Amino acid sequence: MGLADLKKLIPGKQFSQEKEHIIPINLLELDNEIEIQKLGFEDKKDLRAYIYTYGNLISLEKPLNSKGKDKDLYGKDEIYKSSEIPFNRCFDTKNFNKKALVKRNEEMEKWLINTFFKDFAAH
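Residues in the sequence shown are numbered from 228 upward in steps of one, following my numbering.
You can trust all of the hints, since none of them are fake.
Calculated lysine-lysine pairs in the BS3-like style (CA-CA distance at most 25 Å, straight line):
{"hint": "1", "residue 1": "326", "residue 2": "308"}
{"hint": "2", "residue 1": "296", "residue 2": "308"}
{"hint": "3", "residue 1": "308", "residue 2": "298"}
In short, the hints are calculated from the structure, not lab data. Computed from a prediction, not measured in an experiment: that's the story for all the values here.
Whole structure, please, built from the sequences with the hints as guidance.
Following this line, the structure appears as structure tokens:
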């Protein structure tokens, strides 16, 4: 994200962001094992183990988060594409599944160990 992109966010107060669950939480409440399995999860228990992890989160402007609440991935794709955040506009929502979620978790874990906590380990 460049400076020009950041400047666009500030005037419209679009920087008020919320965490958005990419795979909606309501999928746990619905009795739809087929949809859960389409996303690569074995069952509700398997989904529950991952749904609240970092890999299933994206930062989204508050008004868009309200619009996307509980929509399926195809519905969220349109909303993410209207975000002012460049990462969200090119996020591959339609192909998001358990495999992609696990990969994002692993990438974050590596970043935390190798970058964020690097200086803590040295002391």
